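Undergrad: What follows is the residue order along each chain.
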Amino acid sequence: MKKIFFIVFLVLMAVNTSFAGGYQVGLHGQKQIGMGLIGTSLTMDASAGFYNPGGLAMMPYQFSFLGGASAINGFTKFQMQGPSLYQADTDNPMGTPFYFYGAGMVTNRLAVGLAVNTPFGNSLAWEDNWAGRYLIEDITMMAITFQPTVSYRINDFLSFGAGLVYAFGSVNMNRALPVQGPESEGNINISGETGNFGFNAGVMYSDREGLNIGLSYRSLINMEMDEADALFSVPQSLSTSFPAENKVAVTLPLPANLDFGISYQVNRELMIGMALNYVFWSEYDTLGFDFLNNTASLQDSYSPREYVNTLIFRVGGQYMVNPVLYLRAGAYFDPSPVNDNYFSPETPSLDNLAFTTGLSFLPMENLSIDLSFLFIMGLEKEVTYAPDNFGGTYKSRVYIPGLGVSYNF
Amino acid sequence: MKIRTLLLILPALLLWACEPEIDQFEPSAGEADFSVFVSVGNSLTAGFADGELYRYSQENSFPNIMARQLGYVGNEIFRQPLMKDDLGFGNRLVLGMAEDCQGNESLGPVPAGGTPDPGNFESIAEDGPFHNLGVPGAKTSHLLAAGYGVLNPYYGRFATNPSTSSVIGQTMALDPSFFTLWIGNNDILGFAMGGGEGEPITPPEDFQNYYGLLLSQLTANGARGAVANIPDIASIPFFNTFPYNALVLTSQPLIDMLNEAYNELDHISFSFGPNGFVVSDPGAPGGMRQLVAGEKLLLSLPMDKIRCEGWGSQAPIPAEYYLSLGQLSQIEDAVESYNAIIAQYAKDLDLALADANTMLKNAKTGIYFDGLEFNTAFVTGGVFSLDGVHLSPRGNAIVANLFLEAINEQYNASIPLVSVTKFDGIIFP
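So the sequences go chain by chain: A and B. At position 370 of the first sequence the residue is numbered 370 (the working numbering), and the sequence of numbers has no breaks. At position 361 of the second sequence the residue is numbered 361 (the working numbering), and the sequence of numbers has no breaks.
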């Protein structure tokens, strides 16, 4: 049953996602995106089920449904370290993370909901034959999470909530191998799928006069693939050294998040807020490839990643022009979790400074059309992947328009 | 009003400066003049690889790679005496499957076969002048010798006049503004590659004289330049591929039989596991002995003789296929003396010094370029070509970068380095 559910979603949306610190994606609601991706203290609709399950029981509707998607257009440039004229660009496929949230108040204190979205992903393709091809040529990875949620409001001021998270993940990556045939170079393709469980829990306080404070925690989910496919293409004379159809065990952590947010309804028109997201990236210390069949030429590899925990600072606000039109703006700073000496071009995550804007248009009372636009500047930095002595200056720009629809009643 | 403004801004933002820009590196010649760049030396300068000088190996010679980069800082032309095809004089090796005397097939260097273009053996002096004056086989003194083209066909084919011109004379006729000189390797390798049986090592005093003569001419008109030193043979695969004790015995009857056969020579004995090969040594009792740790077998050793004719066990390996500890210390001393002389000249004449010796020493344990590990292992290491002495295209790119880095430092220049992985490694079938 679950399997069918996944497949339907996969077919509906060919999802590739990317860009936020590391491989975390923050695009889970057009309204939140418009406001600098703050969300921990907001209770405006069923999206609270993801941002802070504690807030779900405080949503101002009986029922709330919303869905949407964003289109990630990301560009990264690389300039080789040292005296060099070598530059390379990414030619990324467009990533389209999506979300769907539905929730209802079962009693006036108890809410239940479901959140489906794509909190992690990476979609990156360096130009053909680029200098770093032995580290990475292209990678597409994503995780879709399914989160049934319950939320209970103890009194007018305080509510709690929690959800069980099932994450379904897949990865497909290509690397060049330094074995050269008469026509082409060797290549390894690794692809696989896996799933695992985690949880999401939060608490929300509201003073009922416009001040909201939220705190939530999403747990670590380890995506463990025991038998991903490892396909080798090498010169014929080396086929015994690199068995063509091999298996490989890979684990990628989806790190835990601790989020804190405050928002304040200044008056009927203006709402402002901020959020702090602490991301437990240090979980990602090594990327290991453990091959089922090893040979003298094909050993298991363990590459240090040494990510560090990061604190993302976000501000944003919303202005109601009239009951039909809301405007939003925000900004955030998302420092890179990547250690400067272990900066791999497979996840070229820089310090990101981002500006956001958005609007909602309500053609009828219950229906809102939500637009957002996010512009991320990956700040130029000279870094290196020391174990392979591959370094240079990276810089990125990401443009993410998005569209969502919400229906509340 | 506001919606309309916003709707206009959104697509504008999308179109605006979609791709990020990073400031490009700015090349500069610094204090040097690269307008007339020449490279003088031996096979390493010529671009010799895989046992032969051939068109593709020449195109990937380190001077040619350098010249392309010097094009960013004022060099206009760099002409090489190219062979007509990829077979040269016909000794080229390629990786292929070869059957040994026991009928086992294995991957290794095999003759490329084919018939070289007759044009490779004809003079191309008319197509000159040439800026790559590397001559395979040349020793230091050879570069000074008038008529060297008669002795060495690799020079003869592009010498202005084979019976009268010298390499250095032909070089100076170009009036170079910048040069590289990498010479002296063959003064030692001639001895080392022949197992000490062939040519003697050129005495360091003689090397110093020849080297000084070469540099005084090269710098006479105020030209600047870069010199490279001599790699120790400890980092060259030709000397480090076959272990001295690869005679692995696992059959007790065979061990007994061998010990019985050598029972009159007390210093030769065999035991279970690895054993030193038996080699010919006129100084040893009975004219033979076993190799000891530190001694080196050469890549020229015919393996079938070991496999099927009992070389190294039933019969001694001839002296031309190994280097004794004594010979190795002679070689080591010569490399050390030469390198001290080269360093001194570089210092005195304000020349850039490409420290090939240190670079290859470091490469023994692995060095990384462009995210790729290189080492000095035969075939798989990536630096050396199939002859185990000369460089692969990637090895040449590494050496070109070594020169360029030294030049940048010596002359405050900013010459861009090359991306090593843009070049070919060893080609596997």
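Honestly, the hints are just simulated from the structure, not real lab data. Since the model is a prediction, treat every value here as computed from it, not as a measurement. Ideal Cβ placement from N, Cα and C applies to all residues, glycine included. There could be a bad hint or two in this list.
Facing chain B, according to a computed beta carbon distance under 8 angstroms, are these residues of chain A, among others [unchecked claim]: (1) 75; (2) 83; (3) 366; (4) 367.
Covered stretches of chain B, going by a simulated chain A footprint (3 or more residues, C-beta under 8 angstroms) [claimed, not checked]: (5) 94 to 107; (6) 249 to 255; (7) 367 to 379.
Undergrad: For the restraint on residue 83/A, tell me whether the closest CB of chain B is nearer than 8 angstroms.
TA: 5 angstroms, holds
Undergrad: For the stretch 94 to 107 of chain B, do three or more residues have a beta carbon lying closer than 8 angstroms to a beta carbon of chain A?
TA: This one holds; 3 residues, not fewer than the three required, reach chain A with a Cβ under 8 angstroms.
Undergrad: If you take the shortest Cβ to Cβ gap from residue 75/A to chain B, is it below 8 angstroms?
TA: 5 angstroms, holds
Undergrad: Taking 8 angstroms as the Cβ threshold, is the statement that the stretch 249 to 255 of chain B is covered by chain A upheld or broken by the three-residue rule?
TA: Per the Cβ count (0), the hint is violated.
Undergrad: If you take the shortest Cβ to Cβ gap from residue 366/A to chain B, is it below 8 angstroms?
TA: Violated, about 21 angstroms.
Undergrad: Can you confirm whether chain A covers the stretch 367 to 379 of chain B, using C-beta to C-beta distances below 8 angstroms and requiring at least three such residues?
TA: holds (count 7)
Undergrad: Return the status of the interface hint for residue 367/A: holds when the least beta-carbon distance to chain B is below 8 angstroms, violated otherwise.
TA: Violated, because the Cβ-Cβ distance from residue 367/A to chain B comes to roughly 17 angstroms (cut-off 8 angstroms).
Hints 3, 4, 6 from the earlier list are contradicted by this structure; the remaining hints agree with it.
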